[in-house]
Amino acid sequence: MTAQNYNIERKVSLSNKISETSGIIYINNEIVTFNDSGGKPELYTINPYNGKTNRTIWIKNAKNIDWESITQDKEHIYVGDTGNNDGNRTDLVIYKISKRDFYRKNTVNAERILYSYEDQFIFEKQRHSTNFDCEAITIYHNQLLLFTKNWGDYHTKVYKIPTRPGRYEAIKIHSLDIGCMLTSIAYNPENNQFVGTAYDREYQSYIIRVKNFYLREEKIIKTNLTPALNYANQFEAIAWKNKNQIYITREYLKQKVNKKRYKNKQKMFLITLMD
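Take the sequence shown: its letters are residues 1 to 275, numbered as in our numbering.
No lab work stands behind these hints, which were simulated from the structure alone.
Everything numeric in this text was worked out from a predicted model, so none of it was measured.
Some hints could be false.
Pairs of lysine-lysine, DSSO-like flavour, derived with a Cα cap of 27 Å [as the list claims (entries may be wrong)]:
| hint | residue 1 | residue 2 |
| --- | --- | --- |
| 1 | Lys125 | Lys63 |
| 2 | Lys52 | Lys105 |
| 3 | Lys125 | Lys99 |
| 4 | Lys172 | Lys219 |
| 5 | Lys265 | Lys11 |
| 6 | Lys63 | Lys105 |
| 7 | Lys74 | Lys243 |
| 8 | Lys265 | Lys74 |
Label-pair distances were calculated between CB atoms; the ranges are [as the list claims (entries may be wrong)]:
| hint | residue 1 | residue 2 | range |
| --- | --- | --- | --- |
| 9 | Pro189 | Glu30 | 14 to 22 Å |
| 10 | Pro227 | Gly38 | 18 to 26 Å |
| 11 | Lys222 | Tyr262 | 18 to 26 Å |
Idealized CB from N, CA, C, for every residue including glycine.
Required output: the full structure, derived from the provided sequences and hints.
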């Protein structure tokens, strides 16, 4: 189902320091983000009203191979080195950071949650055709849920792992036919909804909402952002502000679509969702 059911309330430019913002959370009236693959193992806090960077927090025992996702619970922040474009990674990890340390220090250590997929048996390089890429994690009922970015069939598979440090096989619990490639996810217990960002082969961008997850009444609402924001928007991050509003961020991107060149700078948008 596709509908025009949103209002863009605010948009702000982001610093060149975070041109590849790939995941966000909203915490204490700030946005926390990072750069994706090859960036420094750092988190940045951003003023949501003007886009300026407030703090930089270095995770000194982490590597940024392909950071793509972030989520939080009451006491911890989880940063997902979950990107797997080629489908051949054997070092997938989620870094678990104490919020107490995060608030008090600019250099922190992280615990590690290592994982593999229970149904992945082949680790040969499959550039942009794998169904074991992941750019979306969220906390749901005290577990980590991982939503895959399926290059092969445009579904998203849902896996669960514990939030405790250790090494796990991610257990598949669900699959959603969204008809595009998911780039972020966030769950809101206030309204019991998941919301994510996605794009398709034509570089059209979408907001994906999932209501009544895993129930017979499950409903997927697919909202096209392209009429408002044009093509070639690399939206890879989303966070709930409250039960009706979300933040999304866009990476810097130059792209040619339908023989037309687009150049979109990194920005953050506040959006109100309407049923």
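Tested hints:
Annotation: proposed proximity of Lys125 to Lys63 holds, straight-line Cα distance about 21 Å (limit 27 Å). Using a Cα cut-off of 27 Å, the hinted pair Lys52 and Lys105 holds, with the two alpha carbons roughly 20 Å apart. Proposed proximity of Lys125 and Lys99 is contradicted: the alpha carbons are some 36 Å apart, above 27 Å. Distance hint between Lys172 and Lys219 is fulfilled; the C-alpha atoms sit about 20 Å from each other, no more than 27 Å.
At most 27 Å may separate the alpha-carbon atoms for a hinted pair to count; Lys265 and Lys11 meet this at roughly 12 Å. Using a Cα cut-off of 27 Å, the hinted pair Lys63 and Lys105 holds, with the two alpha carbons roughly 19 Å apart. With a C-alpha separation of about 17 Å, the suggested pair Lys74 and Lys243 falls inside the 27 Å cut-off, and the hint holds. Taking the CA atoms of Lys265 and Lys74, the gap is near 33 Å; set against the 27 Å cutoff, the hint is violated.
Checked against the given bound of 14 to 22 Å, the beta carbons of Pro189 and Glu30, roughly 20 Å apart, stay inside it. The hint said 18 to 26 Å for the Cβ distance between Pro227 and Gly38, and at roughly 33 Å that hint is violated. Between Lys222 and Tyr262 the Cβ separation comes to about 22 Å, which falls inside the hinted range of 18 to 26 Å.
Consistency note: the structure conflicts with the earlier hints numbered 3, 8, 10.
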